[in-house]
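Read off the chains here:
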Amino acid sequence: MSGATADREILEPNPLREGLRIERTPVPATIVIFGASGDLTHRKLIPALYDLAYERLLPAGFTIVGFAHRDYNDESFCEYARDGIEQFSRNPIDTSIWESFSTGIRYVRGDFTVEEDFEKLAKALQSIDEQRGTMGNHLYYLATPPRFYEPIVCGLADNGLESAGDGSAWRRIIVEKPFGHDFASAHELNTIIGNAFEENSVYRIDHYLGKETVRNILAFRFGNGIYEPLWNRHFIDHVQITVAESIGIEDRASYYERSGAIRDMVQNHLMQLFSLTAMEAPVSLDADAVRDEKVKVLNAVRPVRRELVPRSTVRAQYAGGYVNGEQVNGYREEPGVDAESITETYAALKLYVDNWRWSGVPFYLRTGKRLARRITEVAIRFRPVPQRLFESDPTEQTAPNELVLEIQPDEGINLNFKVKVPGPTFELRPVNMVFQYGTAFNIQLPEAYERLLLDAMLGDRTLFIRGDEVEAAWKIVDGIVEGWARQEAHAIPNYESGTWGPSEADLLLAHDGAEWRRP
Amino acid sequence: MSSSNLASPRSGIPISGISDALNQEWSELSSDVEQRTGDPPLRANTSTLVVVARAGSDAKDALETVHQLAPAVPSRVLLFILDPDCIIPEATIWAHCTVTPRGRHGACYDVIEITIAPDRIFAVPNIVAVHRLGELPTFVVWWGQAEISSPGFASIAGVADRFIVDSESYDRPLMTMHDYARFLGTAGTSVFGSDLAWARISTWRELIAQSFDPPSARRYAMNIRSVDITYDESQASGAMLLASWLTSRLGLEPANVNDNGSMMELRAATHDSDRRVTLNLNHSHRSGTGIRSVRILARAGSSVARISIFKRDTGTSTARIESPGMPRQERVVHHADAPRQELIAAELMRYTRDKIFEEALSHAAEFYRLLESNA
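Residue numbers (my numbering), protein chains in the order written: chain A, 1 to 519; chain B, 1 to 375.
Isolated chain B, as found in the complex (with noise of 0.2 Å):
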């Protein structure tokens, strides 16, 4: 939507003066909208989003990024800064409303900032109570790297209906998602995990389940041989999530791990080991690119199908299907890469918990165990 802003922050608010702070922002907010639209802005509330940020490049990037995702998602936004220097907790409040050029008001929302030292992150949980949305699902987005088997990360899990990491920003990925697994093993049923390492491969897993949907493929998913994955570091624990996903919906269990430093080698079987599949992750050394090409190789009886997915720069992806009795069919589709707002409003529009996830996470958990156990 485009759009002009109605905002004005206001800062150096104590933590007991934030709910009077924002009833005066919104009372003053409202009486500017009114007077542009002729009318008092619609507040229209989905859910709560607490985001924690180290203070520096961390709790920067995180506020540019709220304030491109809540008018997508109109929601209260509460961002904790982990400062160091910071004495005295203190807030900066911004209410914001939409004005689209008809002179109409669009989404309006609130960000409520507060910078706290490390050793307080024990107070979120009391803040985050006070001024959460009171019913509606409470988001947690821990930004950049967080010890996920400290106390303070299970204490912010305590708020939260579903918690989201990216696995990517962390200098051990495959590392991370063993510790996500586990800590969203021990931290009960009431906390739903995300990753945005899987959010960003959810188009892959698209265009991977569309080649199997035609009747005449589907008998090869569950005689799918090997999958060669291409990918760079920079979506390590993407590519590994995509693995991992096939082998859980393919009912698989890992069974080894090879890492030649060029290549990794996946291993999964049928408990019976009646079903044996092999996954290559190929590390690319062209950076920065994500995963780049799946290919897949199903053979059922003496037919053999082959997938293959190419990912262009000019944010398309080449898909073909290549199947005995059937002509090549080749298609090209739009799949650029999304920008982290839009990965986590996509996360902001699910409630419930994604098991389809935890079981590709538990999988990757467990080929990183035996990644470990090889070393």
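Here chain A stands alone, though its shape is the one from the complex (with noise of 0.2 Å):
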């Protein structure tokens, strides 16, 4: 199914690949995106795939195959492609490499739950091996909402698209999140899909998954002799997870309403980060090792239980406000959103993690849309000093050492410490201790879907999530969110936006003696 002998020749060694920045190069394949006339086609994907062919990381005879229900034909579709390009991409326009570039996009117009339309494409897949060498290796990808997921998967299915049969190229699918919207449909998702690929050939996406820094947590914690004793609830006192947004929901309206920040955020970014963060050292960075400790990790998160959940989350709704200077409207009065809406915009929760690295140790996480300003971070919050020495030292129990490692808009880690004042008292204050990336390494960094596209033609999966991480991730939030449908609607409370949420949310960690940073 995934083209086993495919990969196998692959492995084999070029001897004049060692020492190159990249290991190999992909073989000569098509990417079928589906959903080609889509914002995310022409904002990312194929601006991605002309850096990638800039960059010299595409092979010969790489094509594109556009296939929407929008009526394009091979020179439009171009035409839409140049002007992502143009708008998008990281490098400039080449007229010689875009027109080399140009030659192996074409479009497919198509209906996604259309037999005949499949068909099509299968026709012009097979025409496009023959003509480009591209030897029948089919990399598809599904930028197209969700509920078109199953109809595509089957129509490839029934068209023998998902298979190369003999094994000599392979087959392999990009998929998007939402991957489904709570445990039983994620489930669901992965057995239709599983019905027609192999796991190995399945590459869900989290483009979180493709930044540098979100990479380089691994490298942080695993790479450092340093920090890995103290990784654990003998030193630490909780962690704190943010990743807050300043915008609204935009335009997003009608898919917002159904998902909310907990499935929006919460399950897959926000899970992301914290089973990076909370993992066990993997045996290797192969993919299925990383992702091993992943899924360990998240199974072994304590189950928020229905009734636990008042007293374990908050979520909360933006209502007006400021943000940057400008007076914004409430969730309620954007377009699109019902006026009696109770989909959260906010949430808040504290897990626990039972095993012997973390037992006790809180874990709180939350996002929030029209916050008081764009980040993401993961502050790790060390415990007290266990005798006061220091009386006169205000400080001394409010502000403990911390570990921030942000992962935007600055990437970069922080380390807090206190310093004594300079002067004949023992006056301690706490000082931070920064490192940018942007002041070490001042270099342009790909953009996430530049890598994740490379890795899925090269066929690596580490920075892929497998499926049962996503159900994983589902039973944690499932939970929450039936806890929420039993509260009353009116339970939901406002906060005001431009603020860092409501005081709820402030509520859940003075329980426990804590407060949320004010990064």
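The reader is advised that the hints may include incorrect statements.
No more than 20 Å apart at the CA atoms, straight line, and that leaves these computed lysine to aspartate or glutamate pairs for EDC-like [as the list claims (entries may be wrong)]:
(1) Lys355/B x Glu250/A
(2) Lys120/A x Glu176/A
(3) Lys418/A x Glu402/A
(4) Lys418/A x Asp237/A
(5) Lys44/A x Glu250/A
(6) Lys355/B x Asp39/B
(7) Lys418/A x Asp39/B
(8) Lys355/B x Glu402/A
(9) Lys355/B x Glu366/B
Hints in this document: simulated from the structure, not taken from any laboratory.
Both chains are sitting in their own frames, so use the hints and assemble them into the complex.
See the structure below:
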């Protein structure tokens, strides 16, 4: 199914490869983008593919096939692609590179639910394989609303496009989040996809994992000897993970009304940051070794039972307020949002990991829209010193050491510790030791989608989410959602736009003698 | 990054006063940065870069380049200018922070320029020991030509974790590579070597290697029969390194060299002579263009594959693969000549030994030895 023979052939070393910046380039292949006329394709996928081509990371013969309902042909889709590249690519359009790149752009007009259109696609792919030497290697990208995932996967399978049959080529599928809307639907989706594709051909994408600094959490934790001995319940008081956005829901009301913050951010981005922070060291950086550890820690999360939901979680909705000096509407005033909506735009939760490393250490996770500023960070709050030596120090109890892994907008690492203020008294003051990537490596980083698309073409699944990982994350979230469903609708508090969220979220930590960071 | 620099050189400093002057410079610069951005500057160093250059155009060129280089790879730069007219060594220091248009500060770095007489070159290791940044790697770039077998060169190498020369800047680049290979072989394992000529051919190596990535092309890699490289004198050592890289990676040994003036024919073979490859280095009369093309012919059984890569003037290359049973594959890729500061920056990102370079250099040295013995 996955082209095992093809993978074996790829793994035979090329004697000229050693010492070069990547171990290999992908074999000639075709990427089929379902939902090719959409925003994701225009803003992210096509520009990322052009950037890969520009950087010499794509093979000769590489072909893009756009598949969508919109009335494009090869030429007009090419123009659409070029427009996306001009606006969103990291690299400038170079005429000769564009001419070479654009010879591999095709468009198949079709409906995701119409059998004949998949037959048309199959014929087009066969022709491309022959003309461009892509040898039957196909990467399918589901850049569509999730309701089309099933008909697309079935359409591919019904036309024999899910497998090369004799194993001479590979077939892979990239699935965009959301992966279901609860455990049951995620499991069903996994089953539907699993009926057509083997798990090692399925690439569930969360673009957060392609970010350099998210990947750096692994490097920071397991490439340095000094932190890992402290990375446990003996030294860590609690962990705070924040994914804050200052924007509102923009034009995504219909999607957001159904998902809310917990499905939009917690189940995926926050759970990824959480599992990378809390996981045990993998035995290697092999895709399954890393993902095994992530699944283990997700499975070790103590379920938030319904009756505990009010004490362990907070949901809220943004009201009007000011962001960046501009007056902004409340959530219920946003276009397309129900005036009685109880969809949460903010979620905070307290999780415990029931294993030896983390027993008794709370993990506080929060995310929200229209918060004070856009920031993503993981903050490790260490335990206070065991004895108060410096009685005059007012910060001794209130400001223990903190290590902050900043993900965005400024990627870096901050360590907060105390020093003596110069002078005759023994007064202590917290100071920050700050490392920012931009001050050490002032180089242009590739976009997350570039990295992830390249990895998918190379067959490297490390930065993609495995099916059991998705289901484990949903199990955690489902308990919370069920608990919320039992609460009265009026139990959803508001928070003023441009603040750090509702006061109820402060109480969540105050009960434990902690407080949220003000990043 | 578009930025404005906050910098103010301080000159006429005696060697013993460098640390104090540097502290004072940073103190003043910190205040400036804090005033403009609201935050004190952040310094995150990755390495110490030692540059040695002769007074005159080499030194001017080196100074200009390190100022272009340092913001991209923030480091401490120690620039030693060897000036025969220098009587008393003295230093000029720059502390720099770039400030972005958003009012945030970016990279901070400092440059310490020290002018000394050439006969004081043996004082350099001690100055470096005082001012290098802790346990971070120390890179040494020798700007322009140096007598590689001289004791002065060896003493500078002693401070380096990684030593970088540019064999293309020498009058006799092939001989330089031969001497450099011998130097690295005797300098011990603690010094890793590199050559900007090697950095210049990285895209060529990548494009050639990529041609053999597809499974259908893989079998041709170990069946290469002939290679034609067209180049001009501005990249003579690059062309030799490219050929030598191929022979070393393909498990061949240098066997013979003939130079007829317009073409150098290199022959290489396996120990048992089971496989033989001819590599022709064709001199191009277009000057200043570097390597222009690489053509490879491989034969596996009765199947013949042809790989051609042509560099265009527009900063791109066309890479073509023709093999039986496959449609001709051709693509155009970005292939611009990187300026020297980018080549050095790329070298500063690598802290480990470049075994592949050392093997290629060793083959290049052997080809040179064969050439000399045939002459």
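Against the structure, the hints come out as follows:
1. Between Lys355/B and Glu250/A the alpha-carbon distance is near 53 Å, which puts this suggested pair outside the 20 Å criterion.
2. For the given pair, Lys120/A sits about 24 Å from Glu176/A by alpha-carbon distance, which is inconsistent with the 20 Å threshold.
3. Annotation: proposed proximity of Lys418/A to Glu402/A holds, straight-line Cα distance about 10 Å (limit 20 Å).
4. A C-alpha spacing of about 17 Å is found between Lys418/A and Asp237/A, which places the hinted pair at or below 20 Å, so the restraint holds.
5. The suggested pairing of Lys44/A with Glu250/A holds, with an alpha-carbon distance near 18 Å, which does not exceed 20 Å.
6. The straight-line distance between the Cα atoms of Lys355/B and Asp39/B is roughly 43 Å, outside the 20 Å bound, and the hint therefore fails.
7. Our distance criterion of 20 Å between C-alpha atoms is met by Lys418/A and Asp39/B, whose separation comes to about 19 Å.
8. At roughly 41 Å between alpha-carbon atoms, Lys355/B and Glu402/A are farther apart than 20 Å, so this suggested pair is violated.
9. This hinted pair checks out: Lys355/B and Glu366/B have alpha carbons roughly 17 Å apart, not beyond 20 Å.
Checked against the numbered hints given earlier, this structure breaks hints 1, 2, 6 and 8; the rest are met.
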